[in-house]
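So the chains spell out like this:
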Amino acid sequence: MKELLNKLSLEFGPSGCEDRVREAIKEEIKDYIVGKESFVDPLGNYIIHIGGNGPKLMISAHMDEVGFMVKGITDEGLLKFGTVGGIDPICLGAKRVISESGVRGNIVMKPIHLLSPSERGQAPKIKNLSIDIGASTKKEAEELTFVGDYFTFDSDYVEYGEGFIKGKALDDRLGCAIMCQLIKDIYEGKIEPKYDTYFAFTTREEIGYSGAYGASMRIRPQYAIVIESKAVADIYGVDEDSEVARLGDGVIISFADRGAIYDHTFVKHIKAIADKNEIKNQTNRYISGGNDSMHIQKNAEGARVSTLSCASRYIHSQSDVIHEDDLFATYETVKEVLKNDRPN
Amino acid sequence: MKKIKEILNALLSSNTPTGFEFYGNDTIKSLAEGIFDEIKTDSVGNFLLVKKSSKQNAKKLLIDAHYDTVGLMVTGVFKGGFLSVTQLGGLDTSVLPSTEVTVLGKENVYGIITSTPPHLKKGESKSPKMDELYVDTGYSKEKLSELVSIGDPIIYRNKVDYINGDYVTSAYLDDKACLCALIYAASQMDKDKMEFDLYLTASAQEETGKSAVARLTFDLEPDLAVVTDVNFARTEKDDSFDCIEAGKGASFDISAVTDRKITKNIMKYLTSEGVGYQCSCEPSRTSTNADYVSISGNGIPTVLISVPLKSMHTPSETVNLNDIKSLSDVLVKISYNDKILN
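Chains A and B are the protein sequences, given in the same order. According to our numbering, the first sequence holds residues 1 to 344 in order. According to our numbering, the second sequence holds residues 1 to 342 in order.
If we strip away everything but chain B, and leave its shape as in the complex, we get:
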């Protein structure tokens, strides 16, 4: 678990709002060193990390986690040091007031998202609209204009806390929790046991729904794509079965998008190997990279595996470290058995 924490802490300290994944180049490169045979970046911000099996003509396994995170973007600089903002990815504005952020300008600028005091609120309490919120930087407009430009990204201020031992809280666990599992899994994979060549993607622009990874899968034409992402973990009592359970392991998403046969094969194989998992259903689309990957190129058999995450897209996303370990265990097993394709 120590190694997982190290990888995770490195990923969480890189700032990679969607569309600005290149800010994390050095982090990925230093983490990948010694584990992978090849490290590539492409024109849209994806990273491709390759680890080859000792086996000749091994089949291609692509495993994806997206590297980008939700954020905000500066749309205006105003008197008193306030910035107007728009969102990068889907945010629930009802968690934003009084939240601390970092503006990635010429230098990092600390800020607080404004909150209207109760004496000015009239009638029923509504969640604020994006255009009613500003980022308070404490600078004069003149000084702020030197530091920040329209178009600069803004991220939640990063603060990593460990809760009740195994839970980690940070703003950037979607999808760095999965990316951590992927890098750790790759470090654990024994080339002599690998029946696939591993193509690991740390992909760009998932949060805006543009799924840049589809460009890579188009080129690579893998025999199997495993997309990993976070999924809603249950907090309060929920009878809708829309959530999975934190601490119960990686979760297979069964969907119209995912490959029914291979998903079943993997689950059967894991059970026979004594590896635990859970599963949940996304009857229609999955709202993950799997939607795009599956239809890229000539069509790619795709499996989706999730890590349960609480408080998605908020400054306090929370994941159980055991679930990261579980995803890693599952991925190592998959890489050792190409018969799951049959």
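The shape of chain A in the complex, shown without the other chains:
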């Protein structure tokens, strides 16, 4: 699963431009969904109906990542940009980026000696940053890119320390990788789902107006599990109350975040299954963030939703970090939930 995460994380897929990620996923699972209904809906969601006996369950992960969109090109050949999704500008200075067509660039800012005294010490603002693609005129830049072009972080996949993984777009390619693995497991008979199971690889989560709306409207699930990554702050110097959760302490079984209060019965059911199977798990100790579950929960007839996530440091930067134990704990938890009857 780590190899697949490596591969998927490198695919280019900012919100609204998920085609390459979707194609990579399709290729990955095509031999495992023979005879199953699968389709791409108008929002670009890739939905696979695996089936099974029981209530309808939608398992989802989003394919898109944060990125940049070119808003204009200056006479000096620099690209002015807006962010696709939420990116903290403090993580942008001097970072390398790459466009859909493979044009490389660096994010540049005013050198510190040219800053006015009032600008010094302030975090950079997006409007003061540009992408430099090595063009010295507008015309030269226009041969390489265009207004509306997308860029993402240009960052590789690294395993470091004791079980840590760094990459771009681990949010939420980790969810995509877990779902691909589950689809393979079901095909190979390792899991017999006790739910009528749908897998939805969704689009546009990072901008909030998510593809999951359309997907859940179409599937109309009774239950939903969103597989995600969750921003945490278990870094030295942060007090425990603000950490949210810790990398390496297992799957985060959330009871609530800023987007949804999760279905109490379903969450307790999942937690009991994780405990019974001795899967490392934790919950978030701070209410923050939100994801596709908020849309799925309130859409159509309404669904009993839960989110299972991997704790992530430095999320939405070139160095998104997770722990492999959490990746496997999240996978194991969803797997065991599928094998068990619905909650009473």
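Please keep in mind that the hints were generated in silico from the structure rather than gathered at the bench. As the structure is a computational prediction, the values presented were derived from the model and not from experiment. Be a bit skeptical, because a hint or two may be false.
Stated by the list, open to error - Each computed SDA-like pair below joins lysine to any residue, with the alpha-carbon atoms no more than 25 Å apart:
#1 B:Lys237 with A:Ile98
#2 B:Lys122 with A:Pro193
#3 B:Lys126 with A:Tyr160
#4 A:Lys127 with B:Lys237
#5 B:Lys79 with A:Arg258
#6 B:Lys5 with B:Asn164
#7 B:Lys210 with A:His113
#8 B:Lys129 with A:Arg258
#9 A:Lys271 with A:Tyr160
#10 A:Lys125 with B:Leu120
#11 A:Lys80 with A:Ser116
#12 B:Lys129 with A:Ile279
#13 A:Lys110 with B:Lys79
#14 A:Lys127 with B:Gly80
#15 A:Lys127 with B:Lys121
#16 A:Lys2 with B:Gly80
#17 B:Lys141 with A:Ser242
#18 A:Lys138 with B:Lys248
#19 A:Lys139 with B:Lys79
#20 B:Lys143 with A:Tyr160
#21 A:Lys80 with B:Gly247
#22 B:Lys122 with A:Pro42
Unchecked claim - If you want the footprint, here are the derived chain B segments under chain A, 3+ residues with CB under 8 Å:
#23 95 to 108
#24 134 to 140
#25 225 to 237
#26 308 to 319
By construction, the Cβ of each residue, glycine as well, lies at the ideal position given by its N, Cα and C atoms.
Let chain A serve as the given structure and place chain B on it in line with the hints.
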């Protein structure tokens, strides 16, 4: 350009944070082989590479580029595998969060500079202070303590990218872009045409402002010192004339520190030879080795030439390869004409 890229790639793959230039000994030695008559190191980390002219009693030309790069240094090892750090040289902390680094411990240890998530930030967004940043290594404190000690240097993780053909991006182009030009220039110099003996220095500890090269110039007493360093290349529109242009060639820095007559002579000579260059002014000091070299020994006539560089002291310093070639062309020309001293 192929040869320049080869030299540059070799220099960029040596780790030489300021004060730890000796980590690059082997690289310099292997690059210098076959080009120079003498290769020396000294007690403070400078390299001296000598190439003599065929001419007897030639005048001494010293050309300097510093070999050290900015970095960080470990000041503490903490639970969860986090290192506290201090800076080696001048860094803008606003480019550090989420940046990848290599800790040069007992073995090379990968790390990421921490970034506080938005939910913990209150009020106006400030650049972090150095003591608010840590390096995340992913090891337990016990394991990390075996690998890393207080005082170990840390460098940006090296990644070399070529952008739009001629631009190269790496963390260590200040001042290895110039050092590359020097070594390439020396390889191109014809001993029979050289009117100077060449003393090339790959010098130590420029980034901390200690300019170890001044020790060498003190000993050598060259007739002319040419200091080469990078200078800020313009990115966005700039009406202050504080920046030079990338891709427009090597740039002469005219300053109170540099020798006015010789700089003018060289520029006139290059123009007559059809060699292009640009120039910029540093009205006061230059914040380069030129400041120290010029006042070392009995005083040394010093010229400063720069290569334009974007995003200085960041993990993505960027230089145009044509500017490296341009500096090399200028240096070869200088070595062929000792009348520029008159």
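Problem - Pair hint Lys237 of chain B and Ile98 of chain A, alpha-carbon separation not exceeding 25 Å - result: holds, 23 Å
Problem - Agreement of Lys80 of chain A and Ser116 of chain A with the hint, judged by alpha carbon distance not exceeding 25 Å - result: holds, 21 Å
Problem - Hint consistency between Lys126 of chain B and Tyr160 of chain A [alpha-carbon to alpha-carbon, up to 25 Å] - result: violated, 29 Å
Exercise for the section: For the pair we were handed, Lys127 of chain A and Gly80 of chain B, check the Cα-Cα distance against 25 Å. Expected result: With Cα atoms ~36 Å apart, Lys127 of chain A and Gly80 of chain B exceed 25 Å; violated.
Exercise for the section: With a cut-off of 25 Å on the C-alpha distance, tell me whether Lys80 of chain A and Gly247 of chain B pass. Expected result: Roughly 21 Å separates the two Cα atoms, so the pair holds.
Handout entry: Lys122 of chain B paired with Pro42 of chain A [C-alpha distance capped at 25 Å]
Key = Since the Cα atoms of Lys122 of chain B and Pro42 of chain A sit roughly 40 Å apart, the hinted pair is violated (cutoff 25 Å).
Practice task
Sort out whether Lys79 of chain B lies within 25 Å of Lys110 of chain A, counting only the CA atoms.
Solution key: Outside the cut-off at roughly 36 Å; violated.
Exercise for the section: Count residues of the segment 225 to 237 of chain B with a Cβ under 8 Å from any Cβ of chain A, then say if the count reaches three. Expected result: holds (count 5)
Exercise for the section: For the pair supplied as a hint, Lys129 of chain B and Ile279 of chain A, confirm whether the alpha-carbon distance does not exceed 25 Å. Expected result: Not satisfied, since the Cα-Cα distance of roughly 39 Å exceeds 25 Å.
Exercise for the section: Assess, step by step, whether the Cα of Lys127 of chain A is no farther than 25 Å from the Cα of Lys237 of chain B, and give holds or violated. Expected result: holds, 14 Å
Handout entry: Pairwise hint evaluation, Arg258 of chain A against Lys79 of chain B, where the allowed Cα distance is 25 Å at most
Key = Outside the cut-off at roughly 30 Å; violated.
Exercise for the section: Decide if the proposed pair is consistent with the structure: Lys5 of chain B and Asn164 of chain B, CA atoms, cutoff 25 Å inclusive. Expected result: It holds: about 15 Å lies between the C-alpha atoms, which stays within 25 Å.
When held up to the earlier numbered hints, the structure conflicts with 2, 3, 5, 8, 9, 12, 13, 14, 19, 22 and fits the remainder.
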